[in-house]
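When you get a sec, could you build the whole thing from the sequences and use the hints?
Here my numbering = 1-based position in the sequence shown + 17.
Keep in mind that the hints are not guaranteed to be accurate.
In the SDA-like style, the derived pairs of lysine to any residue whose C-alpha atoms are separated by at most 25 Å in a straight line are [claimed, not checked]:
(1) K270 / A204
(2) K270 / R123
(3) K270 / G137
(4) K270 / R220
(5) K270 / R211
(6) K270 / M92
(7) K270 / R158
(8) K270 / R235
(9) K270 / M239
Bear in mind the hints are in silico, worked out from the structure with no lab data behind them.
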Amino acid sequence: MPELPEVESVARQLRPRLVNRRITSVWTDPQSRFVDVQAATGARVAGLRRRGKYLLAGLTAAEAPRRELVMHLGMTGAFRFRDGDWTPDAYVRATLTLDDGVLDFRDVRRFGRLTVVPAGDYSTIATLAQMGPEPLGPDFRPTDFHAALRRSRMPVKAQLLSQRPVAGVGNIYADEALWLSGIHPRARRVGPQRAARLWGAIRQVLQAAIEREGTTFRDYQMVNGQSGRNATFLIAYGQQGRPCPRCSTALRKTDVGGRGTTYCPRCQRA
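Next comes the structure, spelled out in structure tokens:
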């Protein structure tokens, strides 16, 4: 599933061609997880921002309250403008016709989500409503992060995946940040010093992945159809059986919170 670096890369490519455009018509696949998307018809896209793993497009229309189009890529979602060598296929689940082009949303596995809500009202999207601070923003502070981790007795990786201590970290970057900070993914006690190390590691791995436009294994593509370049730089995620770069111990794979998790059994301490 695309995480913060992938969604940020998509946002950066969508923004120049979507913001200030008017949505003249909307088509959606009735079998997909879309709610009130037709309400975007006639609105102008006033802005586009990322919040965690979500894209939020501000919508303005004459004599109508401000609304937002909330977009989530799910596992296989991708946006493509209908030009160049892109030809729509049977996996297109939504189409936004703009005043100067056409934007398709393609989603093989149908886990993507498009929803129009009143601006700032995320009460129908629990994960978004309860999301923690942005990891690369000023509100993400080591002391607050430590306090958030202390509120739960769940394993630290499960806490990261919940999106509550910090936004946008998923399976890939949780494994990477936990390895970098030397913390076992099942650890239930993370003191202030280790929380500060993890805070820094999260910021480091996310920023590096953004610079490489995300991680592609199979499905993730940017708006221009290209893949991210971060996969070859991964140290922990998906690297089970390979030697740990710190201590040469073979990395192991386990399950934490129902998610496959790779870690070093020697230098990541619980």
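Structure-based check of all given hints:
1. K270 / A204: Within the cut-off at roughly 15 Å; holds.
2. K270 / R123: violated, 32 Å
3. K270 / G137: violated, 39 Å
4. K270 / R220: holds, 24 Å
5. K270 / R211: holds, 22 Å
6. K270 / M92: Given that 25 Å is the threshold and the Cα spacing comes to 21 Å, the pair holds.
7. K270 / R158: violated, 30 Å
8. K270 / R235: Within the cut-off at roughly 20 Å; holds.
9. K270 / M239: It is violated: about 29 Å lies between the C-alpha atoms, which goes past 25 Å.
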